[in-house]
Amino acid sequence: MKKKRISLFDVLMHVLGAALLVMVLYPLILIVSCSVSDPQLVATGQVLLFPKGITFDGYRQILKNKDILIGYGNTIFYTVAGTLINLAVTVPAGYALTKKTLPGGKICMSFFLFIMYFSGGLIPTFLVVKGLGLYNTRWVLLVLGAYNTYNCIICRTFFDSMPKELEEAAVIDGCSVTGTFFKVVLPLSKALMGVMVLYFAVGHWNAYFDALIYIKDDAMQPLQVFLRRILILAQQQANMEEAAEYAQSLANLEALIRYAVIVVSSLPLLIVYPFLQKYFDKGVMIGSVKG
Amino acid sequence: MKKKMVAVVLAAAMAVSLCACGGKPAQDSAGASESESGQKEGSQEKSSEGGEASREEASEPAQGAVQEAKYPIVEEPITVKGLVVGRDTSVRSDRLVWNAVSDITGINIEWECIDADALATYLAGGDWPDFIHYSLDSTMINDYGVIGGRFVNYLDYLEYMPNLVQTFEDYPLVRGAVTQINGEIYSLPGVEVSATTSSARPYVRTDVLEEAGLHLEDIKTVDDFYHALVTLKEKNGEPSFIPFLENDESYWGPMLFAAFGTLTNMNFDDDGSGKVIFNRTSEQMKQYYLYMNKLYEEGLIHQEYLTLDGAVRLDRAQSGKVAFIGSGEGNSLQATDFADGEFHLDCMAPLTSEFDDTQEILGKSIYFPAGGFFMNAESEYIVEMCKMFDIMYATEEVVEGSGLLGQSFCYGILGKDWDFGPEGSGVYVFHCPEEYDGAFTTYQYAEVIWDNAGREDALAGLVTETVGNSRARQLGFVKNVIPYQSDLYFAVSLLKFTDEEQRVLDNKLADITTYYKEMEGKFITGVKDIENDWEEYCSTLEKMGVPDVIEVYQASYDRWNAQ
Numbered sequence: 279m280k281k282k283r284i285s286l287f288d289v290l291m292h293v294l295g296a297a298l299l300v301m302v303l304y305p306l307i308l309i310v311s312c313s314v315s316d317p318q319l320v321a322t323g324q325v326l327l328f329p330k331g332i333t334f335d336g337y338r339q340i341l342k343n344k345d346i347l348i349g350y351g352n353t354i355f356y357t358v359a360g361t362l363i364n365l366a367v368t369v370p371a372g373y374a375l376t377k378k379t380l381p382g383g384k385i386c387m388s389f390f391l392f393i394m395y396f397s398g399g400l401i402p403t404f405l406v407v408k409g410l411g412l413y414n415t416r417w418v419l420l421v422l423g424a425y426n427t428y429n430c431i432i433c434r435t436f437f438d439s440m441p442k443e444l445e446e447a448a449v450i451d452g453c454s455v456t457g458t459f460f461k462v463v464l465p466l467s468k469a470l471m472g473v474m475v476l477y478f479a480v481g482h483w484n485a486y487f488d489a490l491i492y493i494k495d496d497a498m499q500p501l502q503v504f505l506r507r508i509l510i511l512a513q514q515q516a517n518m519e520e521a522a523e524y525a526q527s528l529a530n531l532e533a534l535i536r537y538a539v540i541v542v543s544s545l546p547l548l549i550v551y552p553f554l555q556k557y558f559d560k561g562v563m564i565g566s567v568k569g
Numbered sequence: 102m103k104k105k106m107v108a109v110v111l112a113a114a115m116a117v118s119l120c121a122c123g124g125k126p127a128q129d130s131a132g133a134s135e136s137e138s139g140q141k142e143g144s145q146e147k148s149s150e151g152g153e154a155s156r157e158e159a160s161e162p163a164q165g166a167v168q169e170a171k172y173p174i175v176e177e178p179i180t181v182k183g184l185v186v187g188r189d190t191s192v193r194s195d196r197l198v199w200n201a202v203s204d205i206t207g208i209n210i211e212w213e214c215i216d217a218d219a220l221a222t223y224l225a226g227g228d229w230p231d232f233i234h235y236s237l238d239s240t241m242i243n244d245y246g247v248i249g250g251r252f253v254n255y256l257d258y259l260e261y262m263p264n265l266v267q268t269f270e271d272y273p274l275v276r277g278a279v280t281q282i283n284g285e286i287y288s289l290p291g292v293e294v295s296a297t298t299s300s301a302r303p304y305v306r307t308d309v310l311e312e313a314g315l316h317l318e319d320i321k322t323v324d325d326f327y328h329a330l331v332t333l334k335e336k337n338g339e340p341s342f343i344p345f346l347e348n349d350e351s352y353w354g355p356m357l358f359a360a361f362g363t364l365t366n367m368n369f370d371d372d373g374s375g376k377v378i379f380n381r382t383s384e385q386m387k388q389y390y391l392y393m394n395k396l397y398e399e400g401l402i403h404q405e406y407l408t409l410d411g412a413v414r415l416d417r418a419q420s421g422k423v424a425f426i427g428s429g430e431g432n433s434l435q436a437t438d439f440a441d442g443e444f445h446l447d448c449m450a451p452l453t454s455e456f457d458d459t460q461e462i463l464g465k466s467i468y469f470p471a472g473g474f475f476m477n478a479e480s481e482y483i484v485e486m487c488k489m490f491d492i493m494y495a496t497e498e499v500v501e502g503s504g505l506l507g508q509s510f511c512y513g514i515l516g517k518d519w520d521f522g523p524e525g526s527g528v529y530v531f532h533c534p535e536e537y538d539g540a541f542t543t544y545q546y547a548e549v550i551w552d553n554a555g556r557e558d559a560l561a562g563l564v565t566e567t568v569g570n571s572r573a574r575q576l577g578f579v580k581n582v583i584p585y586q587s588d589l590y591f592a593v594s595l596l597k598f599t600d601e602e603q604r605v606l607d608n609k610l611a612d613i614t615t616y617y618k619e620m621e622g623k624f625i626t627g628v629k630d631i632e633n634d635w636e637e638y639c640s641t642l643e644k645m646g647v648p649d650v651i652e653v654y655q656a657s658y659d660r661w662n663a664q
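Residue numbers (this note's numbering), protein chains in the order written: chain A, 279 to 569; chain B, 102 to 664.
Misleading hints may appear alongside valid ones.
Straight-line C-alpha distance at most 20 angstroms; calculated SDA-like pairs for lysine to any residue [what the hints assert, rightly or not]:
(1) A/Lys494 / B/Ala412
(2) A/Lys342 / B/Ala547
(3) A/Lys408 / B/Ala412
(4) A/Lys408 / B/Ala225
(5) A/Lys408 / B/Ala217
(6) A/Lys494 / B/Glu211
(7) A/Lys342 / B/Glu213
(8) A/Lys494 / B/Ala225
(9) A/Lys344 / B/Tyr537
(10) A/Lys384 / B/Met106
(11) A/Lys494 / B/Ile215
(12) B/Lys422 / A/Thr322
(13) A/Lys494 / B/Pro230
(14) B/Lys182 / A/Thr322
(15) A/Lys408 / B/Glu536
(16) A/Lys330 / B/Ala412
(17) A/Lys494 / B/Ala561
(18) A/Lys494 / B/Ala219
(19) A/Lys344 / B/Leu224
(20) A/Lys494 / B/Glu536
By construction, these hints were calculated from the structure, which means they are not laboratory data.
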């Protein structure tokens, strides 16, 4: 059997790959280590990779706040429901825009492109949200941003690349446009859907600004708002002129909480991502220019 | 052709939308400049838009026409809405001081909390509560108050606020601080006179001094200070002074500067006759820099004092080798940082020199802007809320046994959250719940108050009974700093400016400040030679527009003094 010759190129690629892996993995491991290490050791730069002086006070402080569970529940709801609404609005729009026979198709596309670059601004949007009765409701986080032009263009490009013969065959067999979309096109678009779900879900998971502006009631706030609030309060308390021992302990806790917040907010996505990776692999170049 | 048409239409739409943005604000600005000349009449007309019954009752600001407060304020309980910003409502308990206020006044408050980032959109939305318990920035005050007329002018309701009137008489500076450019008052002032109302904060570890055979009370002049630093360096092998000079109104800067002349403010000041002067180019400043440069050159100041971060500063302060602590690390020292577990922490009294033998240092403003209490001009309970807010300025319990007076809006209920110590003891006592482990400030902001407010001078000159870091520092302030603070305080941060004046400051002041702070570092560290480069430094500041800034400050200060 012939042995595969290892070329210089192979070696270089493996070395480069290893370096990139370290560059990506090191900060992740460091953050997790810092979140469970003695904050004094972290502050003086003694924690370089693995934890030292293990303590879980940061996580304890975060998790003893019952708002975290409320935030997790809200965020999961907004992520799931918001992603479904995003898909329901954006993907069909992308398909419709591939149809040359769509009345006003070009005008629609021009309009979508325009709003991709220009918006009314924060206060006009706030006034519209208030006028529509969406202020301080869950709907505002689901409806605002339901349509995304950039993702719609990705969808349109993907659908454009599908063989037209498939749709023609469906039409010949008596399928309507809607039927063709749901029974022929969508089943062949798993890669696209995987990418779209990832983009929309990550956006919803990390969203906090719209919630800050449009939601007042804590019962409807997503996780990121509570984490931000815990962190800000910890910083404020640590900065107060306070009994020295408590100030020092608060300053230490604030440093711990900072790292713990990063882990708590990122962990679910880190867990889910590997299951979506195969779709992402196939779909990541979907929006690229085809030959 | 079609594509060109589409492009033209889109461009036209963009142009129209840009034009639409320009209309209203220009009209508002014109309205504002017109109303400046007849402000009082305009504001009275705007105030009359809401609360007709209240307007009928309102009269001119009271002198002998103030109404005595009666409780409860209302016969039938009412509910008003109050907005707080950036606070955590989840841990609020029944210990909130406003609950006690509701009990005696009959006015219940429904609190609404939003994040600071959401405030601008909340206010733009138009659906306002009865009052806002937050310190709004000057832009919002100008837009919604001076121009928009959306806030109540407290001057129209002073007859219902006898305690506030008295506070204005006792502290005239405070009235000026809350008076806007149009002469109206939209917010309520905070007054703090306590053991920590201190400008300079020159913390000293007296145990480090004593180990070197030195005593704080023997350090009276700049030469004594120099020799103490030499002795400490010889003993400990490292500089014993890490100054924090970023803040020109606190810590060591104003304290040492004042030793070299009669000036107390390092930047802009009142020369005593109402004339604004700039002290960064004064002979006193030069002497101060020469002295600090000498300390630096001889290694008596930490050579990296300009770039040390807080963690390293604290580490050095805890080490037991640094006697003169630069900044906030003084607050962070614990009993375990001292060999015998006792707090050997004090403040150094002002020094004298061959240039000045007085011990006067920078004064401290007793006004703080926290609290706000901007009242919605469309509220139907303006008079009632004025009477309620007046409790914040009471110098005695408003209702016997209630524990409510001005100080309560900082520390909570008298007799429950805090108490005066035995007569003559010079102390006050905190009653902190066990779960807070003695950290009263954390308890205070978590459960008792949303923010400091009102007249907080009941504890002037008193220190906390609780032994620890706070008590040690307060004793230092009361003994060695506060008695030497100048009565003359140039309230530069409280001055109000017209749009034109503000433009001058925006264009010039930031660069001037950056330059002189940069040169301060260079002079002290020797990068620039003080004797050779002083003239160039002064002329550069002159060219950067210091005279224009002085002119602006003078105009505003003249208006301030005329109030």
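Against the structure, the hints:
Pair hint A/Lys494 plus B/Ala412 does not hold up; C-alpha atoms about 37 angstroms apart against a cutoff of 20 angstroms. Distance check on the hinted pair: A/Lys342 and B/Ala547 sit about 16 angstroms apart at the alpha-carbon level, within 20 angstroms; holds. Distance restraint check for A/Lys408 and B/Ala412: the Cα-Cα separation of roughly 46 angstroms exceeds the 20 angstroms cut-off, and the hinted pair is therefore not satisfied. With a C-alpha separation of about 11 angstroms, the suggested pair A/Lys408 and B/Ala225 falls inside the 20 angstroms cut-off, and the hint holds.
A C-alpha spacing of about 19 angstroms is found between A/Lys408 and B/Ala217, which places the hinted pair at or below 20 angstroms, so the restraint holds. Annotation: proposed proximity of A/Lys494 to B/Glu211 holds, straight-line Cα distance about 14 angstroms (limit 20 angstroms). This hinted pair does not check out: A/Lys342 and B/Glu213 have alpha carbons roughly 24 angstroms apart, beyond 20 angstroms. Taking the CA atoms of A/Lys494 and B/Ala225, the gap is about 15 angstroms. The hint holds against a cut of 20 angstroms.
Only pairs whose Cα atoms come within 20 angstroms are accepted, and A/Lys344 paired with B/Tyr537 is accepted, the gap being roughly 19 angstroms. Annotation: proposed proximity of A/Lys384 to B/Met106 holds, straight-line Cα distance about 13 angstroms (limit 20 angstroms). The hinted pair formed by A/Lys494 and B/Ile215 meets the criterion: a straight-line CA distance of about 6 angstroms does not exceed 20 angstroms. Annotation: proposed proximity of B/Lys422 to A/Thr322 holds, straight-line Cα distance about 19 angstroms (limit 20 angstroms).
With a CA separation close to 13 angstroms, the supplied pair A/Lys494 and B/Pro230 stays within the 20 angstroms bound. Distance restraint check for B/Lys182 and A/Thr322: the Cα-Cα separation of roughly 47 angstroms exceeds the 20 angstroms cut-off, and the hinted pair is therefore not satisfied. Distance check on the hinted pair: A/Lys408 and B/Glu536 sit about 42 angstroms apart at the alpha-carbon level, beyond 20 angstroms; violated. With a C-alpha separation of about 18 angstroms, the suggested pair A/Lys330 and B/Ala412 falls inside the 20 angstroms cut-off, and the hint holds.
For the hint pairing A/Lys494 with B/Ala561, the CA-to-CA distance comes to about 39 angstroms; that exceeds 20 angstroms, so the pair is violated. A hinted pair counts as satisfied when its Cα atoms are at most 20 angstroms apart, and A/Lys494 with B/Ala219 qualifies at roughly 9 angstroms. Among the hinted pairs, A/Lys344 with B/Leu224 is inconsistent with the structure: their alpha-carbon atoms are about 30 angstroms apart, more than 20 angstroms. About 29 angstroms separates the Cα atoms of A/Lys494 and B/Glu536, which puts this hinted pair outside 20 angstroms; it is violated.
Violation of the numbered hints given earlier is confined to hints 1, 3, 7, 14, 15, 17, 19 and 20; the remaining hints are satisfied by the structure.
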